[in-house]
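Student: Listed here are the chains, written in short residue letters.
2 protein chains.
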Amino acid sequence: MASAFLLLLITIPAALSHSILQFPHVSDYDRKLRADDNIYCDSWRFSVETNDAGSWDSIPSRCVAFVQDYMTGDRYASDSAIVSNFSLAFGQGVKLGGDGKDSWVFDIDETLLSNLPYYQEHGFGAVTFDEVSFDKWVDLAEAPAIPASLSLYKGLQRLGFKIFLLTGRSEFQRNATVNNLVYSGYSDWERLLLRGPSDKGTLATEYKSKKRAELINEGFRIHGSSGDQWSDLLGFAVARRSFKLPNPMYYIA
Amino acid sequence: MASAFLLLLITIPAALSHSILQFPHVSDYDRKLRADDNIYCDSWRFSVETNDAGSWDSIPSRCVAFVQDYMTGDRYASDSAIVSNFSLAFGQGVKLGGDGKDSWVFDIDETLLSNLPYYQEHGFGAVTFDEVSFDKWVDLAEAPAIPASLSLYKGLQRLGFKIFLLTGRSEFQRNATVNNLVYSGYSDWERLLLRGPSDKGTLATEYKSKKRAELINEGFRIHGSSGDQWSDLLGFAVARRSFKLPNPMYYIA
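So the sequences go chain by chain: A and B. In case it helps, our numbering puts the first sequence at residues 1 to 253. In case it helps, our numbering puts the second sequence at residues 1 to 253.
A few of these clues could be false.
Simulated restraints on C-beta separations [unchecked claim]:
| # | chain 1 | residue 1 | chain 2 | residue 2 | range |
| --- | --- | --- | --- | --- | --- |
| 1 | B | Gly100 | A | Ile216 | 36 to 44 Å |
| 2 | B | Ser55 | A | Gln157 | 34 to 42 Å |
| 3 | B | Trp56 | A | Glu190 | 41 to 49 Å |
To give a feel for the contact side, a few chain B residues facing chain A, derived at Cβ under 10 Å [stated by the list, open to error]:
| # | residue |
| --- | --- |
| 4 | Ser47 |
| 5 | Ala53 |
| 6 | Asp57 |
| 7 | Phe86 |
| 8 | Ala89 |
These are computed hints drawn from the structure, not numbers from a lab. Idealized CB from N, CA, C, for every residue including glycine.
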């Protein structure tokens, strides 16, 4: 105890100087967060992508320009590309069983397909989600593939993975979804799982966990899972590795 | 089927135009990732903070300047501040039981205390972790508090949460750790949990899950958990809400 006390005395001046050198006061950062949209919105994006923000309805109004720049400039495509690269590298390291049971689960919206053309017309997530107009957009079946995801998808197929598509879209959207997927370059998935009548009102995390559990019960080994929402990836019956794609536009619980 | 086919035909031109407008080819982005350190390193940071990168030993050598800028400029402090704000907002919404069992778990390094002065001398994570020199640094007990975390810590105490400190540091570092915590402004925690002899060789995720499970067995409700590593937050006996603090300097499995 005496030596601990001595150590405390000795270390105070050094620690104090570091403390002052390294960090301004919290209130200074609160002021900066308030004042500088770019710093604020970049931190907001950090909190969203790590799930620290929890549930949210729409992007902060001061971040519309930031999210627009992020989504339409280099950064979104670059972030998507690096996630795809890490995913494929993991897939390449998996020793497949040769029994057709090695599988990968993909979400669809903002994972395989991009709804950016829709969100460009709807404030990049600054407007609260409108199911009617979004369903119309889905019916158009015009969503382009996210190039890095299409590349990953094909790479995993070449490696021999069975692909399951697990989406929050509903059964009534099956045709439009298939058309859109095929058109934008996706093919030969094992199964497309959409929300049926019994899944209505279930939160995404639970619905997707249940569906993954059913696959596992069928004997499939879910090595990887790709999704832009944490509700695609968390819960139970999770994949060995989960890959979070970027999406600062909306949140699904 | 006929209508699906018709829909496919109708939607091709529009989807094609979107596809071309929105995204360049994957190979273009691979080239860009290779060419532009800032874009690459920002995407690398995304992959690290979301855990997409999985296990890694040291930061890419081309990202040393990027990580240095991030850690010593506004962004690290800003990211830390927003996480603290979201954490406190969640804490404020918790209805406490009044039985002294409502609790919050904090990791220590890069969560309550910053080892930035050490990492400034060790390439900001570009050099593989050296236990000997890091243990010497810990013995100095000079690590400053991360201001936003100190503010959160005190805020949670004011709300009535019991604070548990759960660290990968070892029992032999207890004195230095206590001295450092007290010096940098932390006090009145409920318990400081360090790795004992039986925890040696256990991965952090398992070690920390076990310790949280013991707390839950004692009747504590773990509402929140704060850590800079996913191994602080994932596993079993997880908190109701987990808060990932930024750390692009090192990874602990």
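Student: Run every hint past the structure and note whether it holds.
Tutor: Consistency of the hints with the structure:
no. : hint                              : verdict
1   : Gly100/B <-> Ile216/A: 36 to 44 Å : 40 Å, holds
2   : Ser55/B <-> Gln157/A: 34 to 42 Å  : 26 Å, violated
3   : Trp56/B <-> Glu190/A: 41 to 49 Å  : 32 Å, violated
4   : Ser47                             : 5 Å, holds
5   : Ala53                             : 6 Å, holds
6   : Asp57                             : 15 Å, violated
7   : Phe86                             : 5 Å, holds
8   : Ala89                             : 9 Å, holds
Against the hints set out earlier in the document, violations occur for numbers 2, 3, 6.
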